[in-house]
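Add chain B to chain A, keeping to what the hints say.
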Amino acid sequence: MFSEIFRFEIKYRLKRPATYIYFALLFLMGFLVINTMGGAFSSATAVMSNKVKVNAPATLSNIMLYLSFPGVLIISALMGNAVYRDFEHRTHSLLFTTPIKKWEYLGGRFLGSLVITLLVLSGIGLGLMAGEIPWPWLQPEKFGPFNFMAYLQPYLLFIWPNILFLGAIFFTLATLTRSVLSTYIGSIIFLVLYSISQSFARDLDNQFLVTLLDPMGYAAMEFTTKYWTVAEQNNSLLPLNLEIALNRALWLSTGLMMLAFCYFRFSFSFFASEGKAAYKPTLEKKSNLAPATRFLLPVVKPVFSFGLSLNQYLRLVNLEFKGIVKSVYFIAILFAGLVALFFFGSQIGKWYDTTTFPVTAQMIKGLISQFGLFQLIIITYYAGELVWRERDNRMNQIYDALPIPNWVPFASKLSALMLVQVVLLALVMVCGIIIQLSKGYFHLEPALYLKGLFGLILPSLLFLCVLAMLIQVIVNNKYLGHFIMIAYYLYTLFQGQMGIEHNLLKFNASPTVIYSDMNGYGHFITPFLLFKIYWGAFAILLALTANLFWIRGTETLMKWRLKVARTQFSRSSGLISTLAILVFLTSGGFIFYNTNVLNKYKPEKEKQKAIADFEKAYKKYDGIPQPRIVAASLNVDIFPEERNIRFKGYFWLKNKTKVAIDSIHVNAFTDLDIRQLGFDRSYKNVWRDEKMGYYIYRLGQPLQPGDSIKLLMDLFYESKGFVNSNPNNHIVHNGSFFNSSYLPSIGYSSNDEISDDETRKEYGLAPKKSMPSVYDTSAYSKNMFSGDSDWIRFEAIVSTVPTQIALAPGYLQKEWTDKGRRYFHYKMDAPILNFYSFLSADYQVKKEKWNDVNLEIYYHKGHEYNLDRMMKGMKASLDYYTRNFGPYQHRQVRILEFPGYSSFAQSFPNTIPFSESIGFIADVDDTDEEDVDYPFKVTAHEVAHQWWGHQAVSAYVQGCQLISETMSQYASLMVMKQTYGNERMKKFLKYEMDRYLSGRAGESQKELPLYKVEGQDYIYYQKGSIVMYALADYLGEDKLNAAIKGYLQEVKFQQAPYTTSLDFLRHIKKATPDSLQYLVKDMFENITLYENKANEPTYTQLKDGRYKVTLTLDAKKYYADSLGNEKEAKMNDFVDVAVFTYKKEKGAAKGKDVPVYFEKKRLKSGQNKLEIFVKEKPSKAGIDPYNKLIDRTPDDNLKAVTKA
Amino acid sequence: MELQIRNLSKTYSNGVQALKNVNLTIPSGMFGLLGPNGAGKSSLMRTIATLQEADSGSITLGELDVLKEKKEVRKVLGYLPQEFGVYPKVTAEELLDHMAVLKGILHKKERHAVVAALLQQTNLYEVRKKNLGGYSGGMKQRFGIAQALLGDPKIIIVDEPTAGLDPAERNRFHNLLCEIGEDRVVILSTHIVSDVSDLCSQMAIINKGEVLLTGDPLRVMNDLNGKIWKKMIGKEELMEYQLQYNVISSRLFAGKTLIHIYSDQRPDYSFEMVQPGLEDVYFSQITAAAAAPGMNEVLKAMS
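For the record, the sequence lines run as chains A and B. Position one of the first sequence corresponds to residue 1 (the UniProt record's numbering), numbered consecutively onward. Position one of the second sequence corresponds to residue 1 (the UniProt record's numbering), numbered consecutively onward.
These aren't lab readings, by the way, just hints derived from the structure by calculation. Treat the hints with care, since some could be wrong.
Interface residues of chain B toward chain A, partial, derived using beta-carbon atoms under 7 Å [as the list claims (entries may be wrong)]:
1. P81
2. V114
3. A117
Being a predicted model, the structure only gives us computed values, none of them experimental. Even glycine gets a Cβ: it sits at the ideal position worked out from N, Cα and C.
Chain A extracted, bound-state conformation:
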């Protein structure tokens, strides 16, 4: 019996077209993903090369798990249907009365469907495999050798167990509830579990919970591979580690328990089978007599008018709307969505585990990103339900024969779906306000909510509704319709990579709108609206099409539908479509005029090509003798309304070479309108390449060594119309911030050259070192900030509109108003680097003083939250740095807020532009030990740059960021430690460790030791933090600072040749005792990783009351190469060994483990046995408890001590 049911199930499924469609869709997705990644579209789009192979095991398992997310829908459709089918087709009464046993029936159906589901889901792997075949359009260098295990293993560990577990759940739900709806609700629950586990994942302390919580096992896999280096990603298969094993065991057993539950609960009975516990037949008195009265009805005269149609439409909208919002599924999704919203709300803006204030713009952004998925589900699902509502209720024939105009049913359903979106957004708004109020934030901005939600988000949702309805109408199969929508969502993620970049070609696309408290919606809003009009018109056309193809009657063949559509194309639909086409073309034309005629439209590929062309054309001039900029004197007129800038003034250029220079090469930003660019003596412009911005001037008289010449300029930057994407965010209505890169540079600069070797090969360029070697002394002549200058004199008159304050480095000499414009004259009293910025905004100013230094913060009104923290940061920094590094070169420090289009702060001479998004709205809780006061931290880092970057300036060679960024990071850590104490650094350092380790996992080229870092921020920031913090501990903070001070004294304000990390290391090594020389080498010159671990420590109490702790410590040290291949190194290193005791202060709620023994011990590779005697009862013990050394599993360093 069992085998008959099993075989029948398989045969039945194999006959269903859906089985093949599902398989084909998965196969196709896999195939496309590999092809996209493998460079199939490389001729159309700029692909960055990556040392991780496309078919690397880690990449493949990642893709497979991702693609199995849409697979969940398939699993629910296939597995949910196994028994439910009998209820749906009412065959259960036939089957349940046959002498089959329960286990045979359930088992046969379950296993039969399971086998089919396994086969269908194999489409992912097979599609990927087929994509890996060396097709001619793929780039073979992106692929490693084929590895069958890399495919099999994700199936073994994840996909198959998931099918079993998910299948069990869906099977049980549908079988016991006898409703297919429950499987949908089931899949929603997974989604919510997944997204909650994701929002937990922001906090490093929750990692383990996160890996358990995600039922699909994705989080566990992510956790396992997150520190994997290139080599590991390419070569290693997923291990069955504790996290993965526990996760799988948990959910598999859940699945099996569900199956058991299903078996015991299921019965072949009919009572429950009707699924209507509340079924109450309506009884009536029966009579067999004909009605006595004649059949008389009140005479009515139906009036068929537009008014009637409108009334019918409104009633149907109402009906359909209520039908959606009252349905169980909607309520379930909504509930799930709201749970996700509130979870997210508590994590808002988290950065280093510290939240921001729930300002409205952040709320909107965060809530929508969280809730958006649920809205997509609602649109996708209910489009199908609406289109099929009459048919599902078998009322379609009655409805279709009713005298309602053709547009009414479709329009009312579409409108109802749209109305649901409006209601959902209103709900998001209410949630946002509740979250704000619950956090004690009372600055409510309902108008901003309305604009942000209903102005910006709603249109796209509405257009999406149209698309979803159109698809449902056209394909006329609910489930296929759902699937096509999902395929469409996936496509939108990939379309950029397929070379489709213009927003005119991407349905529903528009340039991104970024809100800033300072600048509002700024210049983003006009193009946004235009694109929405364009796509709106298109959506109307789609809606009209859907309406024409709306099925009325029983004809479903395309032939007939086309014929019917033709006859239904009425005059009014003709009129509307003509209008829509008109709007579509006009707005499209206007957009095109703006993006492609007024502005240059360059897809990424062309931009890359332009860079390559520039190198090909002008590389020959690299390194020819050129004068260097020694002074800049500028009039900068900022026009915030028009978003224009005018630069007028001059550079002094000085011939610092030993030869006479006869021609000067000038590089100018191609977007500038050059009104004047010339010299104060006779010259001839012999080469003029406006397209690439390269100009060569031959001087009448060659410039002799030591002589100077004035480069005169009058340049105009004009914002014209708008662009397709990434508009200029530097010059804005309020909060302009741009730097000296707008101004001309001298000679060829190799900074912008393409660094990626594969891409270079594509354009026929020879491979290149992304940065000159640290040992290349010929490169020491240029500093890291500008290649055409050393130290310059700087002076600028900046003007702006009267409501704004304009700023530049230097000290304010004078301020005046002339012809309705406000002028500021700034002059620097000491030489600065050729690296300066200009800002203009409507500022409030807060002023304080530290000794003789003026401290000023220019901020946006309403952003007062953290001004005191920043002031405190500036004071503490100046205090520490002047004491430990040397004097501050300026008399002023200014922090200047700029809009949050970028999230950074940057240090210019006495001037620190500081993004509104990284500190101005941070909500630091001083009572929470884990909160990082990052406004303070960022301030300290930027102030440190006044020393590290503006006093000590590295040559443009490898390791240059060690001098600027690592040192600023170190300086700020020390200030933080001094202010907040050692304890509060732990969380921050934990994040730094995590970011370093995941950073190196994401390395696309090669990891380098710190002293040779080539611009990888995870090395110079994160590794730098860890290494320097540890070094201060090993050497002693004062000793280290003395060495650093010595270095700074030697190199500060130095001219070419500039210093490098080698000089720095020389000073450090000099201060390091012989016993620790290895450490400096490991930290700076090697990529060193430890694998330290404490094995279960025990203690025994001695007679004298002391405790003997027996510790077995595993210690291992590895050196990694640039791709992460590791080699074990011999270890004889000093490592912290510690024993803690548990102490609870009086009155404190929680106790703490405090060290009773803490010492650096020399440990050898392998097992180290130690006996330690302590006076207090030990609670924990271990190796390197504060994670000073880089260790990928830091959590096993410390273990609880048990009694022997």
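Relative to the frame of chain A, chain B by itself:
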């Protein structure tokens, strides 16, 4: 008002020819469309009800071209499909009111009056506040006729309305239909002969997409006068009789088999003449059209 169907043909995509050159003229009053399951009745009715396209031919309702002017047709149409569902969680009154609006009765008072009257007439008034989910088959069917009658339709199409009803319900339903069929075109399809003989003034027999016979039931019965003979035979003799005579129907009666045969003369003394019923008309048409070729083959094989 008269419904004219001319040369109507329809073939489905699976190759089944549902309608073969159908010609019918349907006057006011009850018109019965009789035929076995799968004869094409529903196809024909759906086509008249604007729900299905025809490959060729035409249908006119008075001045209206039914196949083209669907919008106009729907304004005067009442349709009760063979199979239909209802929204289970809505009451009869609500749904009928809703459908009244969709039928164009916008005026609230008028609508309420019509809805109430229809519920009265269909005997659903007492249960009007009950959800349709709890209705029995007969009640649901009466609700179906109520909605079909909304808006004073000129043509009413009811497709197999009595299938699955118990005799009492069927009786009530007939009474209802009878009342409304006075001054409009009412087309009733059925495979139950007595439905037609009880109700209809005009009828057509349709099988395999073809119209076999049209006319007044009484007259077509008269046409068979003196041509239908009956005989009680043993069960095992049926085959023999079928080969020998044109047996149009056989049924069990008190353990024996009662056969009706069609013959211009009395075959022999053992046959008795019967007053032909509509059933005999029906079976004589169906067997003539369907069984004849098969019978010929059997005969050939026997000779």
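* Non-conforming hints, listed in increasing numerical order -> none
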